[in-house]
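The listed protein sequences correspond, in order, to chains A and B.
Heads up: the first sequence at position 90 corresponds to 90 in this note's numbering, and the numbers run straight through without jumps.
Heads up: the second sequence at position 344 corresponds to 711 in this note's numbering, and the numbers run straight through without jumps.
It should be emphasised that the hints constitute simulated quantities derived from the structure, not laboratory data.
Don't be surprised by glycine CBs; every beta carbon is placed ideally from N, CA and C.
Hints are supplied without guarantee of correctness; some may be wrong.
20 Å max Cα-Cα, derived SDA-like pairs, lysine to any residue [what the hints assert, rightly or not]:
(1) K261/A <-> E442/B
(2) K276/A <-> E619/B
(3) K556/B <-> E324/A
(4) K643/B <-> R692/B
(5) K219/A <-> P636/B
(6) K486/B <-> P424/B
(7) K261/A <-> M612/B
(8) K618/B <-> D71/A
(9) K261/A <-> L635/B
Pulled a few chain B residues facing chain A out of the computed Cβ check, cut under 8 Å [what the hints assert, rightly or not]:
(10) I407
(11) L548
(12) G557
(13) G581
(14) Y585
(15) V601
(16) G615
(17) I617
(18) W625
(19) M630
(20) P633
(21) A634
(22) K643
(23) H647
Per the computed footprint, the stretches of chain A lying under chain B, defined by three or more beta-carbons under 8 Å from a beta-carbon of chain B, are [as the list claims (entries may be wrong)]:
(24) 50-58
(25) 211-217
(26) 287-299
2 protein chains.
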Amino acid sequence: MTVTLTIDCMGGDNGPSVTVPAAVNFVRLYPDAHLLLVGIETAIRAQLKKLKALDNPAFTIVPATEIVEMDDPVEVALRKKKDSSMRVALNRVKEGEAQACVSAGNTGALMAVSRYVLKTLPGIERPAIASALPNPAGYTTVLDLGANVDCEPHHLLQFAEMGHALVAALEGKERPTIGLLNIGEEVIKGNDTIKRAGELLRASTLNFRGNVEGNDIYKGTVDVIVCDGFVGNVALKTSEGLAQMLNGMIKEEFGRSWLTKLMALPALPVLMRFKKRVDHRRYNGAALLGLKGLVIKSHGSADAYAFEWAIKRGYDAVKNGVLERLARAMDENAGSLERAAGESGSRQSGGPLAGETPPGTASSSKA
Amino acid sequence: MTVTLTIDCMGGDNGPSVTVPAAVNFVRLYPDAHLLLVGIETAIRAQLKKLKALDNPAFTIVPATEIVEMDDPVEVALRKKKDSSMRVALNRVKEGEAQACVSAGNTGALMAVSRYVLKTLPGIERPAIASALPNPAGYTTVLDLGANVDCEPHHLLQFAEMGHALVAALEGKERPTIGLLNIGEEVIKGNDTIKRAGELLRASTLNFRGNVEGNDIYKGTVDVIVCDGFVGNVALKTSEGLAQMLNGMIKEEFGRSWLTKLMALPALPVLMRFKKRVDHRRYNGAALLGLKGLVIKSHGSADAYAFEWAIKRGYDAVKNGVLERLARAMDENAGSLERAAGESGSRQSGGPLAGETPPGTASSSKA
């Protein structure tokens, strides 16, 4: 089966000078991939020519005349730039000509245009951004990483359902374990939203393991960690900052003098191995989940190597039938998600305080 | 000037076997320190004897018959254990016999008992937990790290005032720079609370530099970063988890075979230097700010080296007159803080919402 992906070649800080070389390299490794390169035609052609890939049948150039800039407000991307590479790329997914879209464009715009073009899956109120972060044994999938700054309890339940389906599809795990990001393991910890989300998760059919803390992301305590987009984004960015600082400090220590440089030499192969293992570029490519189509968001500042990893994520998602799996999971859980939404909504506005009803009681009485 | 500190010797996962050796080592380095060792007398004596420090005049043993366990609920610590080492240690601060208290006891209990015993400074509704995290140029002070899971805009302003006073006192900076933790630099980013906190901060006399993101903690973009306790706690724990994982991976890479171990040998001095520099134990000791007394909270799992650093933080805070500086700053800003609180409260909704009562208030009125 050929996997067809659309590449928003103009997105990101560097546009075609990064996205096109990444695409060229990718199809070398994955000959069953066909890539629709979307954007300003002359710019894409110039890059392909430079890389002697102008005649490569793995590519089709799809012209788009506009570019969503990294600082464009959502409204501009949505209403003014109807022929942007981002929108055209997403349209191709919608029309079934491609199975996933990969873009390094600005997150807010990409999410908004994706929602507008593709629409959300039934049962999903809010799409979320999910990414796989490394742990000693593999990956921890964390969502939401920034699409939703204010979440209600049932949104967190929806994120958990989506994370479950994603990991089940990608990693072949039957019942991935789920954790709720909190500031302590005890049930009484956290704010009202978190406590009520915990109740919904405990009452669900998911393999819910209770509260987890920030350090559990990198311990690999559970397969999927759910949180609101504000918290998730802070955790992600904090990690990036710490990794960068540590990397800089290792360099600084070994670069202090000719002596320390000499000392580093024999250790270099091991240090490089370590560096490769923790290279954040290998974790580039977050999935926008909950849409009627697959969208992979690359870091805006990605280089070609990092962007190639984002394309790989899109490719893997298609190969593993992530979208079908997600749609089926939402369909199967439609009833309980709806109840949870009603529940969450009604309690939110009127009702007495959270935490008083035993888990599941309220939902089942309404069922 | 002698600096007198009370040490809650029974707090933490390891009690006197960690706290007493740390104390003994500390007074060796700081001969102008006098430590009141609070806890079960026999246990403290046994440790002192083992370390041949039973007659050291730098110590006074203060008996306390109870222990706040790490999993004791706040209510138990507050109402049942009135002769706990934690409470007795805090009482000595209140009575002016010591200038700061250092404890590795459980956070919730320590905060609640501190509030009850010491009371908050005028103008402060909610004390916060502040800690210094490393950046390439020094430290970034972050607060709140977990005392307040739901904050209103004016609480974040109060945190900023306290962070300002702390850094001004400890680092001698006239006008420390302040950042508001958010998920983007633009003013329009974040949830309502964050946006309104931004307005209050911009209107204040603080050296406010706008929104910062998670990675700015380790970049050192600003001196002080304010956030609610949920987000701050997740950022802190996530950092701990990542640092531990990276540390484990370095060990694993070099420990793979005799060859890699051999390769590591020449680099060992540099690796050790790096390790020392990023050793999280050196950042142990968070300040409970906003109380009428200085309280330093050590990590519960701290070893003696880490606990010594927490004692050092208490010592430094006393030497630099942190409490006086904080009290003065709150006093000078009383008017504007009050206006902000009124503003923030009225905009919030009117009605008494859940989470508006500061944690511990209800309990302390009953205690």
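Which hint numbers doesn't this structure obey?
-> Hints 1, 3, 4, 5, 6, 7, 8, 10, 18, 22, 23, 24, 26 are the ones this structure does not satisfy, whereas the remaining hints hold.
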